[in-house]
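Trainee: Sequence:
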Amino acid sequence: MKFSQTLAFLVVATFLIQYFLVSIVTTSNPMYIRHSLGKFYLALVVAFSVGTMQVMIHDISYDTRSVNKYFIMMALLILSIIAYRNQIFVTDENYLNQMIENKSVELLENEEILKKTHSYGVTRMAKLSVQNTQEEINKMIRLLNAQKDLKKIRLSN
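Position in the sequence shown (first residue = 1) + 45 = the numbering used here.
Calculated from the structure, these hints are not laboratory results.
Any given hint might turn out to be false.
What the hints assert, rightly or not - Pairwise CB distance ranges, derived in the manner of DEER restraints: (1) K196 x I127: 25 to 33 Å; (2) T168 x N113: 51 to 59 Å; (3) A58 x L159: 29 to 37 Å; (4) V167 x N113: 49 to 57 Å; (5) Q192 x F116: 37 to 45 Å; (6) Q192 x T109: 49 to 57 Å; (7) A191 x D108: 56 to 64 Å; (8) I186 x F48: 40 to 48 Å; (9) S49 x S201: 46 to 54 Å.
The C-beta atom is built at its ideal place from N, Cα and C for all residues, glycine as well.
Just need the whole structure built from these sequences, with the hints factored in.
Mentor: Quick look at the structure:
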């Protein structure tokens, strides 16, 4: 297999792992796994970072300099970072989906620390955070559903 094919495979595989597997591992409930542009951009950042590292490893191993591959990987990495940092093309729906998944990660962490902590302060803080986070998720889901209903009404007219 040529290096370019190996690099493309690694970048695509890394993207898929970051986009799908990380969500499965980090969310408190599979129903909170959402598709969003923010998550897409972050998966690209990770994939192009790993791709850049693979080019470095290849060049060190074979004592070469793949300038064109560095340029492509770094340009795509920078574009992905800019897209995420500026939330390019992110709509209200994308934002809500991203926040639901992010809050679900917070919920998982709080629920798990409650099983382990012996500290009154940490228990109190985590319980309050679980309650607030779940309320925020529920509000976001209601808002998302209201927006979908509004979109259906607009389309039917």
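Trainee: A separate judgement is required for each hint: does it hold in the structure or not?
Mentor: Hint by hint, here is what the structure shows:
1. A beta carbon spacing of about 28 Å between K196 and I127 agrees with the range 25 to 33 Å that was offered as a hint.
2. At roughly 55 Å, the beta carbons of T168 and N113 sit within the given window of 51 to 59 Å.
3. Roughly 35 Å separates the CB atoms of A58 and L159, a value that falls within the hinted 29 to 37 Å.
4. Here the CB-CB span from V167 to N113 is close to 52 Å, well matched to the stated 49 to 57 Å.
5. Here the CB-CB span from Q192 to F116 is close to 41 Å, well matched to the stated 37 to 45 Å.
6. Between Q192 and T109 the Cβ separation comes to about 52 Å, which falls inside the hinted range of 49 to 57 Å.
7. The hinted range of 56 to 64 Å is satisfied by A191 and D108, whose Cβ atoms lie roughly 60 Å apart.
8. Range check, I186 to F48: Cβ separation about 46 Å, and the 40 to 48 Å hint holds.
9. For S49 paired with S201, a C-beta distance near 49 Å keeps the hint of 46 to 54 Å intact.
Comparing the model with each numbered hint stated earlier shows that all of them hold.
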